[in-house]
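Residue-level listing of the chains:
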Amino acid sequence: MIKFGFAIKTPRSENMDSVSLERFNKLQERVPSFKRCFQCGCCSATCSARQFTDFSIRRIHTSFRRGDYEGLDEALKKCMLCGKCTLVCPRGVNLRSLIINMRQILDEKE
Amino acid sequence: MKKVAIIGAGPAGIEAASILARNGVEVTLFEKSETPLKNLQDKAFLFPNFQNAQEIVDDLSGKLLTDGITSAFGIDIADVKWQGTEWKLVDSKEQTYVADAVLLATGYQVFDAHRKEELGYGIYKGVITSLDMEQMIKHGKILNANGDEPKRITFLQCVGSRDEKSGNHYCSKICCVTAVKQAIEVRKHLPKCEASVFYMDLRMWGQGFEEMYRTAQERYGVSFVRGRISEAAATFDGRVQLKSEDTLMGLPLKMTTDLLVLMVGMEASCGTKALGKSCDISGDYGFIRTVNPHLYDNETGKPGLFAAGTCKRPMSVSDSINDARSAANAIKDYLDTIRIEN
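The listed protein sequences derive, respectively, from chains A and B. Following our numbering, the residues of the first sequence are numbered contiguously, the last one being 195. Following our numbering, the residues of the second sequence are numbered contiguously, the last one being 343.
For the record, the hints were derived by calculation from the structure and aren't laboratory data. Backbone N, C-alpha and C fix where the C-beta goes; we use that ideal spot for every residue, glycine too. Among the hints, erroneous ones may be present.
Computed list of lysine-lysine pairs in DSBU-like fashion (alpha-carbon distance at most 30 Å, straight line) [unchecked claim]: (1) B:Lys152 x A:Lys194; (2) A:Lys194 x B:Lys278; (3) B:Lys142 x A:Lys94; (4) B:Lys274 x A:Lys120; (5) B:Lys193 x A:Lys120; (6) B:Lys89 x B:Lys142; (7) A:Lys111 x B:Lys152; (8) A:Lys111 x B:Lys255; (9) A:Lys120 x B:Lys142; (10) B:Lys278 x B:Lys89; (11) A:Lys120 x B:Lys174; (12) B:Lys274 x A:Lys111; (13) B:Lys193 x A:Lys194; (14) B:Lys139 x A:Lys120; (15) B:Lys255 x A:Lys94; (16) A:Lys120 x B:Lys244; (17) A:Lys111 x B:Lys89; (18) B:Lys189 x A:Lys120; (19) A:Lys120 x B:Lys255; (20) B:Lys193 x A:Lys111; (21) B:Lys303 x B:Lys274.
From chain A, some residues computed to sit far from chain B (all C-beta separations above 10 Å) [to be verified]: (22) Arg108; (23) Cys127; (24) Phe140.
Computed beta-carbon distance windows for the label pairs [claimed, not checked]: (25) B:Asp60 x A:Pro175: 45 to 53 Å; (26) B:Trp206 x A:Gln136: 29 to 37 Å; (27) B:Gly222 x A:Ala134: 43 to 51 Å; (28) A:Ile93 x B:Gly284: 54 to 62 Å; (29) A:Gly126 x B:Thr71: 55 to 63 Å; (30) B:Gly222 x A:Ile87: 29 to 37 Å; (31) B:Glu118 x A:Ile87: 39 to 47 Å.
Could you put together the complete structure from these sequences and hints?
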């Protein structure tokens, strides 16, 4: 039989009705300063890892915010915890603590 | 005594009337509705200090009692004409009045959300405007279309503003902070209800506004999503499903919400458009055009014809009141330059 390649694809869209924000809420409790993030991107702009790899800390924490945790544990390994992001954040988000806590929460059982 | 006619009994009209009257001017305050301050009375609390709008209404209503103000409510001024030495005002019943100077304080009207059909206002019960939400907050009862307590309320910015399709390229200025204010009110009333704001830019231009935005995030857990909702649809259970692009993630986003609140912008009112046209001072989008936005922002270029408040452009209540004070000053200066015949 000839295969035409038809398939049902999972939509790429973020479905805010089916995601679980439990981990995100946990993160906000542990790092309250994260609530203040207004998505300026200073954290990833200054990041040394960002300059040479596709590691984007802004994208990672925004993904966390939307309840999409897929692949984040691997991605977060690229961070060297140098702390430049914490230094430049205009809203005083403790990014270093945020990163460590994201790693821990992703390790914990849901 | 010199006579000034003020058209429109909103915050700007009343403030200017009371200042002029206290300075010995005979003021007639025309208002087409039977009651003054119609728009302000729809408000619950005012940003950024959450002051009860009723306090402002009471204060301004008190000023209406100033000696020298004649309230002419229920009179719709259809035309104003310069007669060489004075202004003649004609109402919709062809009655005429005369004045040495005229202040237009004819205000705004909100954008009619039906015009953005894709957002479903007037089609789905769960889609409401910021005015409807303000009413719910005012009466302390926020309910979804089924009459139940909502679990998620979503605000959409720039409805009828910054929108080529509705012909309004301008920013209405007050909606950003109003959504933040209403989202905070929602979270205060219903701590279990999620509140999200879809925005393209958040324009926190006034003193205390940015702090409000920060408080909304930090203390009230309001979530902000960058992206414009492209369409809304109804679900079986009377809720609203919406589609947007999460422009920060570069991914499409779907969500169901109990209420979709459309932050409707400000447009020139019918009265503003009509009088602006007949006096040849109609500017962009039907708002009144002034001589110079920096130096002569209450003068219209016609002798003795002035404008104040939201008939010029979108403004907050406090800006309207301040603008009225500057208009009263400009009118006083003008009255000093003209001779009185009687």
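Verification of the supplied hints:
As the CA atoms of Lys152 (chain B) and Lys194 (chain A) are separated by approximately 27 Å, the hinted pair is consistent with the 30 Å bound. With a CA separation close to 68 Å, the supplied pair Lys194 (chain A) and Lys278 (chain B) exceeds the 30 Å bound. A distance of roughly 43 Å separates the Cα atoms of Lys142 (chain B) and Lys94 (chain A); the hinted pair therefore is violated under the 30 Å criterion. A hinted pair counts as satisfied when its Cα atoms are at most 30 Å apart, and Lys274 (chain B) with Lys120 (chain A) does not qualify at roughly 44 Å.
A distance of roughly 17 Å separates the Cα atoms of Lys193 (chain B) and Lys120 (chain A); the hinted pair therefore holds under the 30 Å criterion. Taking the CA atoms of Lys89 (chain B) and Lys142 (chain B), the gap is near 47 Å; set against the 30 Å cutoff, the hint is violated. At most 30 Å may separate the alpha-carbon atoms for a hinted pair to count; Lys111 (chain A) and Lys152 (chain B) meet this at roughly 20 Å. Our distance criterion of 30 Å between C-alpha atoms is met by Lys111 (chain A) and Lys255 (chain B), whose separation comes to about 23 Å.
At most 30 Å may separate the alpha-carbon atoms for a hinted pair to count; Lys120 (chain A) and Lys142 (chain B) meet this at roughly 28 Å. The suggested pairing of Lys278 (chain B) with Lys89 (chain B) holds, with an alpha-carbon distance near 16 Å, which does not exceed 30 Å. Proximity of Lys120 (chain A) to Lys174 (chain B) is assessed by CA-CA distance (about 25 Å); at most 30 Å being required, the pair is judged to hold. Under the criterion of a C-alpha separation no larger than 30 Å, the hint pairing Lys274 (chain B) with Lys111 (chain A) is inconsistent with the structure, at around 53 Å.
Only pairs whose Cα atoms come within 30 Å are accepted, and Lys193 (chain B) paired with Lys194 (chain A) is accepted, the gap being roughly 25 Å. About 28 Å separates the Cα atoms of Lys139 (chain B) and Lys120 (chain A), which keeps this hinted pair within 30 Å; it holds. Pair hint Lys255 (chain B) plus Lys94 (chain A) holds up; C-alpha atoms about 16 Å apart against a cutoff of 30 Å. Taken as a hint, the Lys120 (chain A) and Lys244 (chain B) pair is honoured in the structure, with Cα atoms around 24 Å apart against an allowance of 30 Å.
With a C-alpha separation of about 68 Å, the suggested pairing of Lys111 (chain A) with Lys89 (chain B) is violated against the 30 Å cut-off. Annotation: proposed proximity of Lys189 (chain B) to Lys120 (chain A) holds, straight-line Cα distance about 17 Å (limit 30 Å). For the given pair, Lys120 (chain A) sits about 22 Å from Lys255 (chain B) by alpha-carbon distance, which is consistent with the 30 Å threshold. Between Lys193 (chain B) and Lys111 (chain A), the direct Cα distance comes to roughly 17 Å. Compliance with the 30 Å bound is thereby established for this hinted pair.
Distance hint between Lys303 (chain B) and Lys274 (chain B) is fulfilled; the C-alpha atoms sit about 17 Å from each other, no more than 30 Å. Every C-beta of chain B lies more than 10 Å from that of Arg108 (chain A), the closest at about 15 Å, which supports listing it as non-interface. A cut-off of 10 Å between C-beta atoms confirms that Cys127 (chain A) is not in contact with chain B; the least separation is 14 Å. Look at Phe140 (chain A): its CB is around 16 Å from the nearest CB on chain B, clear of 10 Å, so calling it non-interface holds up.
Look at Asp60 (chain B) against Pro175 (chain A): about 38 Å separates their beta carbons, and that is not inside 45 to 53 Å. At roughly 35 Å, the beta-carbon separation of Trp206 (chain B) and Gln136 (chain A) lies within the given 29 to 37 Å, and the hint holds. Range check, Gly222 (chain B) to Ala134 (chain A): about 30 Å between beta-carbon atoms, so the 43 to 51 Å window is missed. Hint check: Ile93 (chain A) to Gly284 (chain B), Cβ distance near 55 Å, so the stated range 54 to 62 Å holds.
Remark: the range hint 55 to 63 Å for Gly126 (chain A) to Thr71 (chain B) is upheld by a beta-carbon distance near 58 Å. Separated by about 54 Å at the C-beta atoms, Gly222 (chain B) and Ile87 (chain A) break the suggested range of 29 to 37 Å. For the hinted restraint 39 to 47 Å between Glu118 (chain B) and Ile87 (chain A), the CB-CB distance of approximately 44 Å keeps it satisfied.
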